[in-house]
Amino acid sequence: MSSLGNLLSGLKSFPGGIHPPDSKELSKSAQVQPFLPPALVRVLMAQHIGAPAKPVVKKKDAVKRGQVVGEAAGFVSACVHSPISGIVKDVEDFPSPVTGRPVASVVIESDGEDAWAEGVNVRQDPMSVEPKRVVELVQKAGVVGMGGATFPTHVKLSPPPNAKIEHVIINGVECEPYLTSDYRLMLDQPDRIVTALRLIMKTVGAPRGHIGVEANKPDAFQALSLAAKGSSDVQVHLLQVKYPQGAEHMLIKALEGREIPWKGGLPSAVGCLVHNAATAIAILDAVEFQRPLIERLVCVTGEGVKIPANLSVRIGTPISAILEQQGLHDGANKVLFGGPMMGLAQASLDTPTMKGVNGILVLRNAARWQRRPCIRCGRCVDACPYRLIPSELSILGEREDWDAAAVANIMECKECGCCTYVCPSKRPIVQLVKFGKSELARKRRAQEKPKK
Amino acid sequence: METHLLVSSSPHIRGDDSVNRIMWTVAAALIPACAAAIFYYGAGALTLILMTVACCMGFEAAILAFRRQNPRDAFDGSAAVTGVLLALIMPASSPWYFPVVGSLVAMGLGKHVFGGLGYNIWNPALIARAVLQLAYPSRMNLSGWPQPGLRLPAVHAISGASPDATSQASPLAKEMLQKMMDKFIDRMDTYAGLLVGGLPGSMGETCRLLILVGGIILICLKIVDWRVPVFYILTVFVLVALLPPPEAAKSNSWLSDPIYHCLTGGLMIGAFFMATDMVTTPITRKGRMIFAAGCGLLTVLIRFYTAFPEGVCYAILLMNTATPLIDRFTRPKVFGYVKPPKKDK
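Each protein sequence line maps, in turn, to chains X and D. One rule links them: number in my numbering = place in the first sequence (from 1) + 88. One rule links them: number in my numbering = place in the second sequence (from 1) + 3.
Derived by calculation from the structure, the hints in this document are not laboratory data. There's no promise every hint is true.
Pairs of lysine to any residue, SDA-like flavour, derived with a Cα cap of 20 Å [stated by the list, open to error]:
{"no.": "1", "chain 1": "X", "residue 1": "Lys522", "chain 2": "D", "residue 2": "Val10"}
{"no.": "2", "chain 1": "X", "residue 1": "Lys112", "chain 2": "X", "residue 2": "Pro306"}
{"no.": "3", "chain 1": "X", "residue 1": "Lys531", "chain 2": "X", "residue 2": "Glu486"}
{"no.": "4", "chain 1": "D", "residue 1": "Lys342", "chain 2": "X", "residue 2": "Arg346"}
{"no.": "5", "chain 1": "X", "residue 1": "Lys142", "chain 2": "X", "residue 2": "Arg130"}
{"no.": "6", "chain 1": "D", "residue 1": "Lys345", "chain 2": "X", "residue 2": "Pro349"}
{"no.": "7", "chain 1": "X", "residue 1": "Lys228", "chain 2": "X", "residue 2": "Glu201"}
{"no.": "8", "chain 1": "X", "residue 1": "Lys351", "chain 2": "D", "residue 2": "Arg334"}
{"no.": "9", "chain 1": "X", "residue 1": "Lys522", "chain 2": "X", "residue 2": "Arg452"}
{"no.": "10", "chain 1": "X", "residue 1": "Lys514", "chain 2": "D", "residue 2": "Leu198"}
{"no.": "11", "chain 1": "X", "residue 1": "Lys514", "chain 2": "D", "residue 2": "Asn23"}
{"no.": "12", "chain 1": "X", "residue 1": "Lys351", "chain 2": "D", "residue 2": "Lys345"}
{"no.": "13", "chain 1": "X", "residue 1": "Lys394", "chain 2": "D", "residue 2": "Leu8"}
{"no.": "14", "chain 1": "D", "residue 1": "Lys336", "chain 2": "X", "residue 2": "Met499"}
{"no.": "15", "chain 1": "X", "residue 1": "Lys177", "chain 2": "X", "residue 2": "Leu128"}
{"no.": "16", "chain 1": "X", "residue 1": "Lys394", "chain 2": "X", "residue 2": "Ala118"}
{"no.": "17", "chain 1": "X", "residue 1": "Lys351", "chain 2": "X", "residue 2": "Lys177"}
{"no.": "18", "chain 1": "X", "residue 1": "Lys290", "chain 2": "X", "residue 2": "Asp213"}
Required output: the full structure, derived from the provided sequences and hints.
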């Protein structure tokens, strides 16, 4: 756990980062349980980066499990499916769990039959499917990055023609404290993860495959190593325990020693393609079973939850249904989608789960922190894996001097939160950066408009 | 529960470090040096230290109240650190008004005219000392300062003629090395005396050993970047050895002795507790190394070639001034930085 121990271990990693308590023991040993489909689900149309899907059902329509209820609006978009069979109760706007702005959603009432739609859940040999068809199937299944980034997966599987992908990397790092859903997945389905990796390698024509696992999950590393045994194309790596080791940039830096170019460069620029372990399984499900992404592992954990668990949850299940079953302790006052470092605090328990929600973290007696002036201790500078000067960004942010913040590379911040975690003055650096980025984006849009 | 859901930006957990913890730890790390001051100069030293700390915190609280900020921030430890440091760099013979005037200058002119905690350009304790030195030159003159209570015989030799004032450099390297070794052994007890304390100086700089103890504790707790004291003292050592010694060194060979220079004046307390002040020094590791080397250079230049016998205070203040510049030129290259392609002419 300590940095010295990490150093002596000789394991691969990246410079910077932090060592928060991993708090995984709460849910680590809980075996995956299915969460029974709820009576009511709400399927959001914006569960991914890119254009929101367009609802293609209306009130009182009957839908089957796996049926498309939202059609992708363009290439960088993803379709969404009904996670249950039943009747559409409503098509209405709902505040996005990410932005808080209203997005379209389809509310479905279960008929209790859970019947599959036609043409889905049909098995075929995934390795015999040709690459083009793989991308099609993944697109049809509405697969998006399930580590939290929610970038449409079929886009990543169709790299630009001039890019040569050499390495496909499965991200099994799960560096966010508390979360254990990827860990349980790696323990339960190591063979399928390796198969999925080979499928992705074949699809993008990459000769080498890697799986990265943090050293605090030695059993998952062993299971995967066993699954990949005897193959020369797939390598499983044990990585230092350090946050944010699971960030795409840091994973590639640790494994390949290369840096994704700044200003929005893609992993393909350094010959890499990274998929989260859960995404890899979703890709395989889409190809092997033609099963759309309607169910995923969600880690329900935190000091506020009575029975921490790793649940297989239908996407669209309201938080309230899950927390009712797992129970809440007194003083539970903060509910997050995701881990404590980058997770999003939710305002309402009616909010449904989404494709990118790998955990529901309930914190107890969460408090606000008193902000003090920056004392220039430099801890944020040492911690920032992207080599920014977070203290400066926070000071410029307080002054709302976004042009200066842009010069100080505010757009290169990935909001991992290391700076804010280590700050002794408890400055809301990430919050100010998020605000600054949105202000700069707004300004850019305003500048572009008059040209038309 | 629903109505009480707390919504705020990530991250939702924070490390347990705080401004208060850092500042009070620094203050605690100065306790050994304070103990030495009290040991050497008696209860008067204790009174001075307590008075300075109380004045600093009192003035800070008053200024904060005047600025309509939270006066309780005066107890965050930063004023206490300034107070202890200021007391330790005052002579034991300081009159009662030194703590009062010094604290007012440190908190007012040194800190709050710039906006308070985190915004000051110069180290407040050093600003106060510089002002005291200008305002009361006779009282701040080293020759008038009291001898420490404990007198080490070996150290007294320094004020008299140095033992090897007549020795000249030998042309033979081997012989030179031998001479250096002899000289080192000859001067061992003086070095030891300087380390433990025994030469007059300001209250807290006397016992270098206990300053070192406090400094090493802070390095271990990662509150002090080891690079600063190491680069500072190393620079002084190297430059004293390399630069042509001043006129005065002809009659007193101690003045060209690198070890002597590292063990005298305010260098130890400056290197460990002043040049490592977070607010007034560069924010990157590289910047801090440049800062420390600059402090070393200026210290030696002032000691060698100006009318001042001691240069630590002004060296650090001058480098404080250069801090924003150093920060600007030591910006790390952003992750994935690609040199922009040159435009064709």
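To see whether the hints hold, each was checked on the structure:
Proposed proximity of Lys522/X and Val10/D is supported: the alpha carbons are some 15 Å apart, at most 20 Å. Proximity of Lys112/X to Pro306/X is assessed by CA-CA distance (about 14 Å); at most 20 Å being required, the pair is judged to hold. Among the hinted pairs, Lys531/X with Glu486/X is consistent with the structure: their alpha-carbon atoms are about 18 Å apart, no more than 20 Å. Of the pairs offered as hints, the one joining Lys342/D and Arg346/X holds, with about 16 Å between alpha carbons and a cut-off of 20 Å not exceeded.
As the CA atoms of Lys142/X and Arg130/X are separated by approximately 15 Å, the hinted pair is consistent with the 20 Å bound. For the given pair, Lys345/D sits about 17 Å from Pro349/X by alpha-carbon distance, which is consistent with the 20 Å threshold. Of the pairs offered as hints, the one joining Lys228/X and Glu201/X is violated, with about 24 Å between alpha carbons and a cut-off of 20 Å exceeded. Restraint check: the Cα-Cα separation between Lys351/X and Arg334/D comes to about 17 Å, which is no more than 20 Å; the hinted pair holds.
A hinted pair counts as satisfied when its Cα atoms are at most 20 Å apart, and Lys522/X with Arg452/X does not qualify at roughly 25 Å. Between Lys514/X and Leu198/D the alpha-carbon distance is near 39 Å, which puts this suggested pair outside the 20 Å criterion. Between Lys514/X and Asn23/D the CA atoms are separated by roughly 11 Å; this keeps the pair inside 20 Å, and the hint holds. At roughly 17 Å between alpha-carbon atoms, Lys351/X and Lys345/D fall within 20 Å of each other, so this suggested pair holds.
Our distance criterion of 20 Å between C-alpha atoms is met by Lys394/X and Leu8/D, whose separation comes to about 17 Å. Among the hinted pairs, Lys336/D with Met499/X is consistent with the structure: their alpha-carbon atoms are about 14 Å apart, no more than 20 Å. Our distance criterion of 20 Å between C-alpha atoms is met by Lys177/X and Leu128/X, whose separation comes to about 9 Å. Simply put, Lys394/X and Ala118/X have alpha-carbon atoms about 13 Å apart, close enough for the 20 Å limit, and the pair holds.
Taking the CA atoms of Lys351/X and Lys177/X, the gap is about 44 Å. The hint is violated against a cut of 20 Å. Straight-line distance between C-alpha atoms of Lys290/X and Asp213/X comes to about 14 Å, which keeps the hinted pair within the 20 Å bound.
In summary, the structure is inconsistent with hints 7, 9, 10, 17 from the numbered list given earlier, while agreeing with the others.
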